[in-house]
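There are 2 protein chains.
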Amino acid sequence: MSEDVNTQHAEAMRALKAERDALMETKTLEKGLLLVHTGDGKGKSSAGFGMVARSLGWGMQVGVVQFIKGKWKTGERLFFSRFPDQVRYRVMGEGFTWDTQDRERDIAAARAAWEESKAMIADPTLDFVLLDEINIALRYDYLDIDEVVEVLKARPNDKHVCLTGRNAKPQLLEIADLVTEMTLVKHPFEQGFKAQRGVEF
Amino acid sequence: MSEDVNTQHAEAMRALKAERDALMETKTLEKGLLLVHTGDGKGKSSAGFGMVARSLGWGMQVGVVQFIKGKWKTGERLFFSRFPDQVRYRVMGEGFTWDTQDRERDIAAARAAWEESKAMIADPTLDFVLLDEINIALRYDYLDIDEVVEVLKARPNDKHVCLTGRNAKPQLLEIADLVTEMTLVKHPFEQGFKAQRGVEF
Chain D
40 MSEDVNTQHA
50 EAMRALKAER
60 DALMETKTLE
70 KGLLLVHTGD
80 GKGKSSAGFG
90 MVARSLGWGM
100 QVGVVQFIKG
110 KWKTGERLFF
120 SRFPDQVRYR
130 VMGEGFTWDT
140 QDRERDIAAA
150 RAAWEESKAM
160 IADPTLDFVL
170 LDEINIALRY
180 DYLDIDEVVE
190 VLKARPNDKH
200 VCLTGRNAKP
210 QLLEIADLVT
220 EMTLVKHPFE
230 QGFKAQRGVE
240 F
Chain L
40 MSEDVNTQHA
50 EAMRALKAER
60 DALMETKTLE
70 KGLLLVHTGD
80 GKGKSSAGFG
90 MVARSLGWGM
100 QVGVVQFIKG
110 KWKTGERLFF
120 SRFPDQVRYR
130 VMGEGFTWDT
140 QDRERDIAAA
150 RAAWEESKAM
160 IADPTLDFVL
170 LDEINIALRY
180 DYLDIDEVVE
190 VLKARPNDKH
200 VCLTGRNAKP
210 QLLEIADLVT
220 EMTLVKHPFE
230 QGFKAQRGVE
240 F
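Chains as they are written, first to last, in the working numbering: chain D, 40 to 240; chain L, 40 to 240.
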């Protein structure tokens with residue numbers, strides 16, 4: 040590799056770093072963020088659980104409510120239940136709605152999960168709260184979106200809350216600080232693969 | 040709520056479940072998946088670390104190579120380093136390229152990380168390998184994409200490998216089983232917020 044390429048590279052990187060440093064100086068605010076992971080691609084819940092892991096690494100206290108997974112045995116529950124001193128983990132759903140086939144029961148389960156969520160959102164000892172698949176419950180109008188928005192807006196100033204699930208309501212996107220849409224580009228189901236441990240659950 | 044609504048709901052859900060069960064019967068294949076998280080949105084690495092947590096929950100053995108984070112203290116490293124019996128964790132980068140400003144050193148670091156990755160991909164005792172931000176090293180051509188493709192294609196049949204980072208090479212998308220594009224809808228940087236513990240690192 041010629042010396043020129045390396046010199047040019049160093050110059051370009053110095054310019055990039057100067058630009059980035061200047062940008063970073065404008066980023067001075069810190070507060071609890073409201074994050075939404077939506078879209079029809081994979082990774083919405085996984086990214087939420089990755090944030091749980093990061094938070095635990097920093098010694099934070101975390102709350103998790105799973106709205107849909109029900110009595111399923113999942114890798115995330117098996118793992119994070121190992122840390123009861125740092126993680127308050129609640130699985131409130133009774134399974135997917137097409138499994139229960141009982142609307143009244145689904146509504147009761149969703150509302151019980153929401154009661155638990157409200158307590159976690161208000162609890163000043165929790166730094167981060169993950170409401171996994173709450174968007175599904177909102178989509179079916181099992182929860183009142185106006186109440187959810189109101190509770191989220193009234194959360195303690197330094198609390199991060201992450202909401203996952205496809206078809207996020209526009210009212211949520213409106214108040215969110217960070218919204219990521221996970222877009223499906225290629226999915227193994229298309230090729231006949233089963234959902235697999237570690238990857239899908 | 041009238042009885043009718045609930046009866047209709049139960050019928051609709053029975054139909055949905057029948058449809059889903061029929062679909063699931065066609066999904067019979069199991070093999071190690073090649074997953075790519077790309078795009079300019081958040082959650083690419085987080086979703087990879089969520090899969091690490093899930094895998095650990097199932098008692099799997101996991102390998103992680105971080106190509107870019109360098110000597111940064113991150114929540115993910117602080118956390119997953121707690122489980123040396125289940126996680127082989129290597130941070131090989133020396134920081135972002137605009138920090139080092141030294142192309143030769145970046146290339147050497149990327150190649151050392153790739154050597155470690157190759158060993159993990161070939162190691163039959165590891166069930167899941169996360170190559171975090173490898174796409175950045177590939178984008179700068181610090182690694183040879185043809186060699187990376189060849190090594191990934193030759194991996195043990197039951198091994199899951201996840202590659203993250205924006206600007207994934209088309210050759211990778213071509214051989215991947217699952218590709219998710221994380222799309223930025225709204226980012227707190229736009230509003231002046233700093234990168235924060237637990238959320239960004």
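Just so you know, these hints were derived from the structure itself, not from any lab. Be a bit skeptical, because a hint or two may be false.
Identical copies look the same in the list; a pair holds intra-copy or inter-copy alike.
Only pairs whose alpha carbons sit at most 16 Å apart, straight line, appear in this in silico EDC-like list of lysine to aspartate or glutamate [as the list claims (entries may be wrong)]:
1. Lys208 to Asp79
2. Lys208 to Asp43
3. Lys70 to Asp197
4. Lys208 to Asp60
5. Lys233 to Glu69
6. Lys157 to Asp141
7. Lys233 to Glu154
8. Lys56 to Asp180
9. Lys110 to Glu213
10. Lys225 to Glu213
11. Lys112 to Glu155
12. Lys157 to Glu189
13. Lys192 to Glu143
14. Lys192 to Asp162
15. Lys56 to Asp141
16. Lys112 to Asp79
17. Lys108 to Glu50
18. Lys108 to Asp124
19. Lys56 to Glu133
Hint check results:
In this homomeric assembly, Lys208 and Asp79 come within 16 Å of each other (Cα to Cα) only inside a single copy, at 14 Å, whereas the closest approach across copies is 22 Å. When the C-alpha separation of Lys208 and Asp43 is checked against a cutoff of 16 Å, the pair qualifies neither within a copy, at 53 Å, nor between copies, at 26 Å. Taking the closest pair of Cα atoms, Lys70 and Asp197 come within 16 Å of each other only inside a single copy of the chain (5 Å); across copies the shortest separation is 42 Å, beyond that limit. Taking the closest pair of Cα atoms, Lys208 and Asp60 never come within 16 Å of each other, the shortest separation being 36 Å inside a single copy and 28 Å across copies.
Taking the shortest alpha-carbon separations for Lys233 and Glu69, only the inter-copy value of 6 Å comes in at or below 16 Å, while the best intra-copy value is 42 Å. For the homomeric pair Lys157 and Asp141, neither the shortest alpha-carbon distance inside one copy (24 Å) nor that between copies (50 Å) is at most 16 Å. In this homomeric assembly, Lys233 and Glu154 never come within 16 Å of each other (Cα to Cα): the closest approach is 34 Å inside a single copy and 31 Å across copies. When the C-alpha separation of Lys56 and Asp180 is checked against a cutoff of 16 Å, the pair qualifies neither within a copy, at 48 Å, nor between copies, at 20 Å.
Proximity of Lys110 and Glu213 under a CA criterion of 16 Å is satisfied in neither setting, with 33 Å inside one chain copy and 37 Å between copies. Taking identical chains as interchangeable, the C-alpha atoms of Lys225 and Glu213 lie at most 16 Å apart only when they sit on different chains, with a minimum of 10 Å there against 29 Å within one chain. In the homo-oligomer, the alpha carbons of Lys112 and Glu155 never lie at most 16 Å apart, since the shortest distance is 20 Å inside one protomer and 33 Å across protomers. For a Cα distance limit of 16 Å, the shortest separation of Lys157 from Glu189 inside one copy, 11 Å, qualifies, whereas the shortest one across copies, 50 Å, does not.
Taking the shortest Cα distances, Lys192 and Glu143 never come within 16 Å of each other, neither inside one copy (28 Å) nor across copies (49 Å). Taking CA atoms no more than 16 Å apart as the test, Lys192 paired with Asp162 passes inside one copy only; the shortest distance there is 14 Å, against 48 Å between copies. Only between protomers do Lys56 and Asp141 lie at most 16 Å apart by alpha-carbon distance; the minimum there is 12 Å, versus 57 Å within a single protomer. For a Cα distance limit of 16 Å, the shortest separation of Lys112 from Asp79 qualifies neither inside one copy, at 23 Å, nor across copies, at 33 Å.
Taking CA atoms no more than 16 Å apart as the test, Lys108 paired with Glu50 passes in neither setting, with 52 Å inside one copy and 22 Å between copies. Taking the shortest alpha-carbon separations for Lys108 and Asp124, neither the intra-copy value of 23 Å nor the inter-copy value of 28 Å comes in at or below 16 Å. Taking the shortest Cα distances, Lys56 and Glu133 sit within 16 Å of each other only across copies (15 Å), while inside one copy they are farther apart (50 Å).
The structure is inconsistent with the numbered hints 2, 4, 6, 7, 8, 9, 11, 13, 16, 17 and 18, although it conforms to all the rest.
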